[in-house]
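S.K.: These protein sequence lines map, in sequence, to chains V and B.
Those letters in the first sequence? Residues 1 to 216, by our numbering.
Those letters in the second sequence? Residues 1 to 193, by our numbering.
Honestly, the hints are just simulated from the structure, not real lab data.
Since the structure is predicted, the reported quantities are computational estimates derived from the model, not experimental observations.
Worth double-checking, as some hints may not be accurate.
[What the hints assert, rightly or not] Cβ-to-Cβ under 10 Å is the rule here; a few derived chain B residues that face chain V: (1) Met1; (2) Val3; (3) Gly7; (4) Val11; (5) Leu15; (6) Met51; (7) Asn53; (8) Ala55; (9) Asn77; (10) Pro79; (11) Leu82; (12) Glu93; (13) Ala101; (14) Ile144; (15) Leu151.
[Said to hold, decoys possible] Rough simulated footprint, nothing fancy, chain V against chain B, three-plus residues with beta-carbon under 8 Å: (16) 23-37; (17) 56-70; (18) 135-143.
[To be verified] Derived pair list, reagent style EDC-like, types lysine to aspartate or glutamate, alpha-carbon separation capped at 20 Å: (19) B:Lys142 to B:Asp102; (20) B:Lys104 to B:Glu81; (21) B:Lys45 to V:Asp177; (22) B:Lys166 to B:Asp80; (23) B:Lys45 to V:Asp130; (24) B:Lys115 to B:Asp80.
Positions of the beta carbon are idealized from the N, C-alpha and C atoms, including for glycine.
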Amino acid sequence: MPLSGTQTHTSLWRDEGGTSMRALGYFIGAFAVALLLGIGSAWYMIERGSILTTTRIGPWTSWLSEGNPNADPYTRAHLARSGRLPLTSTAARYFMASTDSSGSHLSPQCEYRISGAPLNARWWSLALYDSNGSIIPNPSNRYSFNSEEAIRRSDGSYEIHLSRTARPGNWLPSGTDPYRNLRLLLRVYGPRVTDASGIGQIPAENLPKIERLRCE
Amino acid sequence: MAVVLAGLIHVVAVLTLPLLAPRDAHARLSALGPANTIIQLPALKPGQQVMPNMAPDVRYAMCLFDLTEGPVHLRANIPDELWLIAFYTPIGENFYTVIGADMKRGNVDLVVTTKDQSVADATSDSPEALENLLVVNSPSSKGIALIRAPLAGPSRSFEAERALQKSYCGQQPAAATAPTPAAPPATPAPSGL
Chain V
1 MPLSGTQTHT SLWRDEGGTS MRALGYFIGA FAVALLLGIG SAWYMIERGS ILTTTRIGPW
61 TSWLSEGNPN ADPYTRAHLA RSGRLPLTST AARYFMASTD SSGSHLSPQC EYRISGAPLN
121 ARWWSLALYD SNGSIIPNPS NRYSFNSEEA IRRSDGSYEI HLSRTARPGN WLPSGTDPYR
181 NLRLLLRVYG PRVTDASGIG QIPAENLPKI ERLRCE
Chain B
1 MAVVLAGLIH VVAVLTLPLL APRDAHARLS ALGPANTIIQ LPALKPGQQV MPNMAPDVRY
61 AMCLFDLTEG PVHLRANIPD ELWLIAFYTP IGENFYTVIG ADMKRGNVDL VVTTKDQSVA
121 DATSDSPEAL ENLLVVNSPS SKGIALIRAP LAGPSRSFEA ERALQKSYCG QQPAAATAPT
181 PAAPPATPAP SGL
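Same shape as in the complex, but just chain B (with noise of 0.2 Å):
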């Protein structure tokens, strides 16, 4: 009778972790900055590590997304082969990636929804527009997107650095946005947060 029970406190316990799960990977990013904006997050350095186990030879930026105002766009123009975009869930589930080395172009256009959005009230007018639009459907309404520039030798950090400024994130169409000024390198959590 005590191994029935420890086996349903188990499958309980094991259920319901995520659920509570404190410092999940979204928890820690919500701490560098807001919702639907691209953030960069600083090259890794001991005592300045956003999360567990980063790579020191990647250079990251992403947005939080969240999708309760609606769809959420993301822009990029990927510069080589070994770039990826990844998409989460809050407890880090990657549903969708946009891998460089599979791309044609490097324009990079996406928006981001929930089941329920439609893609056309997400666009400008323009037929052209949603032709090279790519939808991604987020199981869940906030999540995360990582942009990855995996460093292509040791003396590329600032030409990534530069290129992953360049990306957008937030809910403006791509036809309405003038270039804006990404936002400057947020301030990350102490390491052992």
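Isolated chain V (complex conformation) (with noise of 0.2 Å):
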């Protein structure tokens, strides 16, 4: 049985017709897969996160070691490509949000309502910008709102109106592009409740809803 194999092997190498040019194809090929696998996957976890390095709490994304001196490479590779300079996530928590409570994408061409309550942190904004972190153009100048303008009910709940045409109360306009990509960063300073690490907690159920109430 050996001697089978070797002389197969032999003859592979010594073939100088298709099958020594089908194996150049084959690692070639293998090559290829190698390098699209590799970096997509780099890729993919830098950019959009992954469960090592990034919790997702409804649409809320938020990576837990951003700006953090020790971080995995994964969040050091995000951090250098965003050009951000975020607060070490025991002095703040950012979370960013790209759809609404039940996953569709915001869209300037819907209205929604953000619903939220008090925060145990000292304080917080609540901003709105395009798929590249720039502020959107409105003629009312208005760009988020904070924990101390923010209008509320009397237990502290607030509720901000996401949308192009203005509404009464707290108005967030979304520009007047109907195509455009929206992104909602609340970020939260001097969280006061954090973990063993001295990482800032936000429990999943006081952060907004975001609700959408009717589309164009």
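Now that you have both chains on their own, put them together as the hints suggest.
M.R.: So this is what it looks like as structure tokens:
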């Protein structure tokens, strides 16, 4: 049995025709697949996050170690690409939403009710951006609401309307371009509850709900 | 075999990205002005935004510190408990933060050094100066100090900006400085940079 195996092996290398070309083709193909898989998976984990680095609570995504000096390599790569300067997660937490609470992408063609309650933190701000992280021009020059200025009910809860056309109360304009991608960023400074490593915690039930009301 | 190679490529890609990232925070902010000076970041306006996802309701001042010629001093008078002074490596790792809410007094006098630099060289001769001086060890010879003044209400913008303009960043120790005017607000790079 080894004899026939050796014979097949030597014949492969002696054959200057299709078989060695096929072998070369195989190796090139394998390398291309490896490159795609390797870089593709790296891109995905850096750009979108993974269970290693990111928590998802309803529509909100948060990187656990963003800005931390001892963060894992994915978080560091994500940070370097973003060009941002986040506070370390013991000092602040950041939650980003690109969808409403039912999972549909936020669109200026729809109207949303964002409902929230007081957060156990020193200060927070909910700001609207496009997918590049830029604020959206609007005639009211209103780009965010924060814990000091949001109009609240007597129990401290609040509602913010996210829409293209003006609404009474807390209105966050989504701008005139109907096809713009929207991102909501909730930044929470000085969370008072932390986990064992000091990382600020905001319980899932306290994060704002984003309810789609109607679309054009 | 392709999977092993994929794994290797994946690891190399993830580890080298921070070294290669062309538009990390330091690169974007370097366009605004020289190192070792306080630069006020203008309040956010569409088309005028230095970094992605900056807060519209926070006022910022920053200093690109460069420790190659020696330690760099930063002084500020923190007017309220919302202020934060955060120190970053060039890619944005926040290695130290002064939290206004934890400070007993408003005056912050600190010096940023590399681990090889001696603080005694950085200060004037008086021992009292050393007592109140906060020493921040930077893991890299360059980095960013970012002062945040979260607005405690919509009308507080002007007073926050005035307080930020009184901060100092540079190589002069406290006793040696005469009151210097802060650098004027810089023209930011266009958004999308």
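S.K.: It remains to establish, for every hint, whether it holds in the given structure.
M.R.: These are the hints, each one checked on the structure:
1. Met1: 6 Å, holds
2. Val3: Holds. Min distance 7 Å.
3. Gly7: Holds - the Cβ of B:Gly7 comes within 10 Å of chain V, reaching about 7 Å at its closest.
4. Val11: Hint on B:Val11: holds, closest Cβ of chain V at ~8 Å, below 10 Å.
5. Leu15: 6 Å, holds
6. Met51: 6 Å, holds
7. Asn53: Because about 4 Å separates B:Asn53 from the closest Cβ in chain V, which is inside the 10 Å limit, the hint holds.
8. Ala55: Because about 5 Å separates B:Ala55 from the closest Cβ in chain V, which is inside the 10 Å limit, the hint holds.
9. Asn77: 19 Å, violated
10. Pro79: Constraint on B:Pro79 not satisfied, violated at 14 Å.
11. Leu82: 6 Å, holds
12. Glu93: Holds. Min distance 5 Å.
13. Ala101: 6 Å, holds
14. Ile144: Holds, because the Cβ-Cβ distance from B:Ile144 to chain V comes to roughly 7 Å (cut-off 10 Å).
15. Leu151: 7 Å, holds
16. 23-37: With 5 residues close enough to chain V, the hint holds.
17. 56-70: holds (count 3)
18. 135-143: violated (count 1)
19. B:Lys142 to B:Asp102: 26 Å, violated
20. B:Lys104 to B:Glu81: Roughly 10 Å separates the two Cα atoms, so the pair holds.
21. B:Lys45 to V:Asp177: Distance of about 17 Å is within 20 Å: holds.
22. B:Lys166 to B:Asp80: 14 Å, holds
23. B:Lys45 to V:Asp130: Given that 20 Å is the threshold and the Cα spacing comes to 14 Å, the pair holds.
24. B:Lys115 to B:Asp80: Violated. B:Lys115 to B:Asp80 sits at ~31 Å, over the 20 Å cutoff.
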